Amino acid sequence: AQSVAQPEDQVNVAEGNPLTVKCTYSVSGNPYLFWYVQYPNRGLQFLLKYITGDNLVKGSYGFEAEFNKSQTSFHLKKPSALVSDSALYFCAVRDNDGGFKTIFGAGTRLFVKA
Amino acid sequence: ETGVTQSPTHLIKTRGQQVTLRCSSQSGHNTVSWYQQALGQGPQFIFQYYREEENGRGNFPPRFSGLQFPNYSSELNVNALELDDSALYLCASSFRDTSNSPLHFGNGTRLTVT
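First to last, the protein sequences are chains A and B.
Our numbering applies: residue 1 is where the first sequence begins, and numbers increase by one.
Our numbering applies: residue 1001 is where the second sequence begins, and numbers increase by one.
Quick caveat, the hints were computed from the structure, so don't treat them as lab data.
Note that the coordinates shown come from a computational prediction; the quantities given were computed from them, not determined experimentally.
Any given hint could be a false lead.
Straight-line alpha carbon distances no greater than 20 Å define the calculated SDA-like cross-link-like pairs of lysine to any residue that follow [said to hold, decoys possible]:
id: 1; chain 1: A; residue 1: Lys58; chain 2: B; residue 2: His1104
id: 2; chain 1: A; residue 1: Lys49; chain 2: B; residue 2: Arg1096
id: 3; chain 1: A; residue 1: Lys77; chain 2: A; residue 2: Ala5
id: 4; chain 1: A; residue 1: Lys22; chain 2: A; residue 2: Ala87
id: 5; chain 1: A; residue 1: Lys77; chain 2: A; residue 2: Thr20
id: 6; chain 1: B; residue 1: Lys1013; chain 2: B; residue 2: Glu1053
id: 7; chain 1: A; residue 1: Lys49; chain 2: B; residue 2: Ser1101
id: 8; chain 1: A; residue 1: Lys22; chain 2: A; residue 2: Lys49
id: 9; chain 1: A; residue 1: Lys49; chain 2: B; residue 2: Phe1095
id: 10; chain 1: A; residue 1: Lys49; chain 2: B; residue 2: His1104
id: 11; chain 1: A; residue 1: Lys22; chain 2: A; residue 2: Arg109
id: 12; chain 1: A; residue 1: Lys58; chain 2: B; residue 2: Gln1041
id: 13; chain 1: A; residue 1: Lys58; chain 2: A; residue 2: Leu88
id: 14; chain 1: A; residue 1: Lys22; chain 2: B; residue 2: His1029
id: 15; chain 1: A; residue 1: Lys69; chain 2: A; residue 2: Leu56
id: 16; chain 1: A; residue 1: Lys49; chain 2: B; residue 2: Leu1039
id: 17; chain 1: A; residue 1: Lys69; chain 2: B; residue 2: Asn1100
id: 18; chain 1: A; residue 1: Lys49; chain 2: A; residue 2: Tyr25
id: 19; chain 1: A; residue 1: Lys69; chain 2: A; residue 2: Thr20
id: 20; chain 1: A; residue 1: Lys77; chain 2: A; residue 2: Leu88
id: 21; chain 1: A; residue 1: Lys58; chain 2: B; residue 2: Ser1101
id: 22; chain 1: B; residue 1: Lys1013; chain 2: B; residue 2: Arg1110
id: 23; chain 1: A; residue 1: Lys49; chain 2: B; residue 2: Lys1013
id: 24; chain 1: A; residue 1: Lys69; chain 2: A; residue 2: Ser26
id: 25; chain 1: A; residue 1: Lys58; chain 2: A; residue 2: Arg42
id: 26; chain 1: A; residue 1: Lys22; chain 2: B; residue 2: Gly1040
id: 27; chain 1: A; residue 1: Lys49; chain 2: A; residue 2: Gln6
The shape of chain A in the complex, shown without the other chains (with noise of 0.2 Å):
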């Protein structure tokens, strides 16, 4: 079964500095992997995805994300971070089993700090 690993709770991070938000993932297969950001009483908003091609993916709002196969992971990076990217990140991979279910990590919860 497909499923994604967040193993930070919190990041803490300055702004201005880079940031990373960690997630591995297993899958049979090939893998569809996304981020989606949750900002406080609010849904889920997609970021990025990854599907095949160049490893390195760009998203909304600066964002962007490194797949490694060898690792099995799919880090979500930032070069310069804003006090406004504080939220709940959450790593996501995409059953391919022809469900086409999204299973979702626990989340990370990012704090930049001013």
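Given the structure of chain A, go ahead and fit chain B onto it with the hints provided.
Leaving out everything else, chain B in the frame of chain A:
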């Protein structure tokens, strides 16, 4: 482009009661997925509807049921409510025919069971 809308935004029910939550899909989307997000956790997949039929189900008991209508709107019904059903219920729509289509979420319904 109309986004995903959910109603009501908040709901308080008593243990043993039944509840119906509603979701209107984003225009052009033909698939609806429902998720349960308990406090401090990632979204847990309940089920998905495509062409008005259930098309995949997570680890939830039969008292969780749903419907999808011809206009792609959807309902989530929960019978015999339990205290542990208290959570944020998220609806997400997507376009089924391309497996890399991201999910578009509503802002959720916060259900409290007392």
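A quick look at each hint next to the structure:
no.: 1; hint: A:Lys58 x B:His1104; in the structure: holds (19 Å)
no.: 2; hint: A:Lys49 x B:Arg1096; in the structure: holds (16 Å)
no.: 3; hint: A:Lys77 x A:Ala5; in the structure: holds (16 Å)
no.: 4; hint: A:Lys22 x A:Ala87; in the structure: holds (15 Å)
no.: 5; hint: A:Lys77 x A:Thr20; in the structure: holds (5 Å)
no.: 6; hint: B:Lys1013 x B:Glu1053; in the structure: violated (28 Å)
no.: 7; hint: A:Lys49 x B:Ser1101; in the structure: holds (9 Å)
no.: 8; hint: A:Lys22 x A:Lys49; in the structure: holds (15 Å)
no.: 9; hint: A:Lys49 x B:Phe1095; in the structure: holds (15 Å)
no.: 10; hint: A:Lys49 x B:His1104; in the structure: holds (13 Å)
no.: 11; hint: A:Lys22 x A:Arg109; in the structure: holds (11 Å)
no.: 12; hint: A:Lys58 x B:Gln1041; in the structure: violated (26 Å)
no.: 13; hint: A:Lys58 x A:Leu88; in the structure: holds (19 Å)
no.: 14; hint: A:Lys22 x B:His1029; in the structure: violated (31 Å)
no.: 15; hint: A:Lys69 x A:Leu56; in the structure: holds (12 Å)
no.: 16; hint: A:Lys49 x B:Leu1039; in the structure: violated (26 Å)
no.: 17; hint: A:Lys69 x B:Asn1100; in the structure: holds (18 Å)
no.: 18; hint: A:Lys49 x A:Tyr25; in the structure: holds (14 Å)
no.: 19; hint: A:Lys69 x A:Thr20; in the structure: holds (18 Å)
no.: 20; hint: A:Lys77 x A:Leu88; in the structure: holds (14 Å)
no.: 21; hint: A:Lys58 x B:Ser1101; in the structure: holds (16 Å)
no.: 22; hint: B:Lys1013 x B:Arg1110; in the structure: holds (11 Å)
no.: 23; hint: A:Lys49 x B:Lys1013; in the structure: violated (37 Å)
no.: 24; hint: A:Lys69 x A:Ser26; in the structure: holds (11 Å)
no.: 25; hint: A:Lys58 x A:Arg42; in the structure: violated (23 Å)
no.: 26; hint: A:Lys22 x B:Gly1040; in the structure: holds (18 Å)
no.: 27; hint: A:Lys49 x A:Gln6; in the structure: holds (16 Å)
Consistency with the previously given hints fails for numbers 6, 12, 14, 16, 23, 25, ordered from lowest to highest.
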